[in-house]
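**Student:** The lines below spell out each chain.
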Amino acid sequence: MEAKRVDDSLFRPLSPEKRGHDPIQRPSMSVWKETILNVLKNKMAVLGFTLLLVIGFFAIAGPHMVPFDPAKQDLVNTNVAPNSEHWFGSDDLGRDVWSRTWYGARVSLTIGLIAAAIDIILGVTIGGISGYMAGRSKFGDRIDSILMRIVEILYGIPYLLIVILLMVIMEPGITSIIIALSVTGWVGMARIIRGQILQLKSQEYVLAAQKMGTSHPKIIWRHLIPNTAGIIIVNLTFTIPSAIFAESFLSFLGLGVQAPFASWGTMANDSLGVILSGQWWRLFFPGFMIALTMFAFNAFGDGLQDALDPKANK
Amino acid sequence: MYIVKRILIMLLTIWVIASLTFLIMKFIPGDPFASDADVLPEEVLQNIRAKYNLDEPIAVQYVLYMKDLVTFDLGFSIQSETRSVNSIIADGAPASALLGLQALVIALALGLLLGIVAALNHNKVLDYASMFIAIIGISVPSFILAPLLIKYFAVEWGMLPVASWGTWQHSILPTLALAATPLAVIARFMRSSMLEVTNQNYIKTADAKGLSKTKLVIRHGIRNAILPVISFIGPLFVSLITGTFVIEKIFAIPGIGRYFVDSIFNRDYPVIVGTTIFFSVLLVLTLFIIDISYRYIDPRIKLTSGGE
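Residue numbers (the UniProt record's numbering), protein chains in the order written: chain A, 1 to 314; chain B, 1 to 308.
Heads up, some of the hints might be wrong.
Restraint ranges, calculated between C-beta atoms of paired labels, are given here [to be verified]:
hint : chain 1 : residue 1 : chain 2 : residue 2 : range
1    : B       : R223      : A       : N83       : 51 to 61 Å
2    : B       : I3        : A       : I60       : 31 to 41 Å
3    : B       : F72       : A       : K72       : 50 to 60 Å
4    : B       : V44       : A       : E171      : 54 to 64 Å
5    : B       : R223      : A       : K43       : 31 to 41 Å
6    : A       : I121      : B       : I3        : 52 to 62 Å
7    : B       : Y296      : A       : V6        : 43 to 53 Å
Simulated pairs of lysine-lysine, PhoX-like, Cα-Cα distance not exceeding 20 Å [as the list claims (entries may be wrong)]:
hint : chain 1 : residue 1 : chain 2 : residue 2
8    : A       : K138      : B       : K302
9    : B       : K26       : A       : K211
10   : B       : K5        : A       : K43
11   : B       : K124      : A       : K138
Residues from chain B that face chain A, not an exhaustive set, calculated with beta carbons under 7 Å [to be verified]:
hint : residue
12   : V16
13   : S19
14   : V197
15   : T205
16   : D207
17   : R300
18   : K302
No lab work stands behind these hints, which were simulated from the structure alone.
Please read all numbers here as calculations on a predicted model, not as lab measurements.
Just so it is clear, CB atoms sit at the ideal spot from N, CA and C, and this is done for glycine as well.
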């Protein structure tokens, strides 16, 4: 077959309207803009976020909406069922459950959110480093081994002893509760993230990043950790309630929110004896608020995860 | 060689935990005989303290304790002086372990099922229903669930015994109360990681090859998605089988859960360290087994740079 000559006569200039770039498939936008749009499209995420805003609003304004002080006793109107005056009823000392619930929201949400944030920062950092270093070199094995032994030691020492030790050193209050919860709270998270990183680091994109000379910290933060986002969100959604309940236990021990002040955990704990006698509102309202907050976080977290996951893009 | 090294490291870890626990508990103010101080003459208190070496400097007490520990002797309880810590653990461990195992099996079986069903029906009714159950499970702690279970199943409907321990019927309510939260957490983990796995190319490939749905889920889905659950159940397993203070107290179960807490409030020093060592041995062993199991679940995982 005769070879075809390629000369200039075979080429023609583009018509003027076709010049320029090929049309881009969709308008380009920044990552954040795209994320926000994706979240807004996700109904559950919007619902969760709205609920969180509403809960936040009531935590700030709720106690001021009724003429009752959350700590004020009223021994004439004890154990009143919910009515037009006491919207959520009153407890055995006549304190208004509505104002206590929203006052408690401030305490519980502060503790839950900060403790969970510290757990996640520490857990993800330690777990990420540990999982990434394991199996790399003799040195890497040693780092992993040391970090995991620290996890075991913190897990092994009785939590109560550490709490009592903190009570000896520190003043009771929200700060000491958060420290007590954070000292050991991160270890479970660290083990889970380490397991995830161990599994993820054999993926091709990690090898590609390594071969292109990306630094180890950058591989951990930019490539591995974002791929554990789902697990981190799930972890967050049960770290917050467990911190809220742990706070009620610490308050019971004297390290924490002292009576007459309230938190969701202490309200639930105090009402344990009375659910059998029918005063359901004392357990129901703080318990329902915890569940509602968790639902809101879960819905928002799941939506955020879908929105952030490029693999799930349509 | 690897195994020998790991065992040495485990022993070292347990020793560090025991030593730190010993130091912290001695640093905390308090006296195991505080309640006897008013009734007993000073000389008698002195003698009792001498019996438990509490009159010695802390360093001497530590050496004496470690000497006994080498022969697996955990000493005698101060609170109930006729009982050795070894016998307290031996008596209470079976009930706690049985209860913990039952709860773990239920949490794992139902949690995995809920999570997988939710992921396979992403954003459909079954997904929302499973996650609704999971959120309830996470939001209602065992100290609230247990009295509610007793109120309905035992008191109002009379289906099951209120409390105590003996027949298998006794263990149903405490098992449920204990399993609820871990069940919910496992379901959430499994759903989340299943969702990620179902987006992977190998699932699409296997699906395109015409693999049946069941095989697809079991062979490719679950095996790749289960790792976070495995990581999570390691420490959970140890906490469950060593008993839980709240559940054992509410249901009057003769386990060892309460000793972990009561011993600290009573400053019952030998019981504090003894139960801590018992817990740590199980913890360190379990986490080791979990680490080993990673390789069998996902052969791509490399834990050490050597050839094992």
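**Student:** Each hint: holds or not?
**Tutor:** These are the hints, each one checked on the structure:
1. A hinted range of 51 to 61 Å for the beta carbons of R223 of chain B and N83 of chain A is consistent with their spacing of about 56 Å.
2. In this structure the supplied range 31 to 41 Å is violated for I3 of chain B paired with I60 of chain A, their Cβ-Cβ distance being about 58 Å.
3. The supplied range of 50 to 60 Å is met by F72 of chain B and K72 of chain A, whose beta-carbon atoms lie about 58 Å from each other.
4. Remark: the range hint 54 to 64 Å for V44 of chain B to E171 of chain A is contradicted by a beta-carbon distance near 37 Å.
5. Against the hinted window of 31 to 41 Å, the Cβ-Cβ separation of R223 of chain B and K43 of chain A comes to about 32 Å, which satisfies the hint.
6. Between I121 of chain A and I3 of chain B, the C-beta spacing of about 35 Å breaks the proposed range 52 to 62 Å.
7. Checked against the given bound of 43 to 53 Å, the beta carbons of Y296 of chain B and V6 of chain A, roughly 60 Å apart, lie outside it.
8. The hinted pair formed by K138 of chain A and K302 of chain B meets the criterion: a straight-line CA distance of about 13 Å does not exceed 20 Å.
9. Note on K26 of chain B and K211 of chain A: the hinted pairing is violated, with a Cα-Cα distance of about 53 Å set against a maximum of 20 Å.
10. Pair hint K5 of chain B plus K43 of chain A does not hold up; C-alpha atoms about 53 Å apart against a cutoff of 20 Å.
11. At most 20 Å may separate the alpha-carbon atoms for a hinted pair to count; K124 of chain B and K138 of chain A exceed this at roughly 48 Å.
12. Hint status for V16 of chain B relative to chain A: holds, with the closest Cβ pair at about 6 Å, below 7 Å.
13. About 10 Å separates the beta-carbon of S19 of chain B from the nearest beta-carbon of chain A, more than 7 Å, and the hint is not met.
14. For the restraint placing V197 of chain B at the interface with chain A, the shortest Cβ-Cβ distance is roughly 10 Å, beyond the 7 Å limit, so the hint is violated.
15. Below 7 Å, beta-carbon pairs count as interface contacts, and T205 of chain B has none with chain A, the closest being about 15 Å; its hint is therefore violated.
16. For D207 of chain B, the shortest C-beta to C-beta distance to chain A is roughly 16 Å, which exceeds 7 Å, and the interface hint is violated.
17. Among the interface hints, the one on R300 of chain B holds; its C-beta lies about 4 Å from the nearest C-beta in chain A, closer than the 7 Å criterion.
18. Residue-level restraint check for K302 of chain B holds (minimum Cβ-Cβ distance to chain A is 4 Å; threshold 7 Å).
Checked against the numbered hints above, the structure violates hints 2, 4, 6, 7, 9, 10, 11, 13, 14, 15, 16; every other hint is satisfied.
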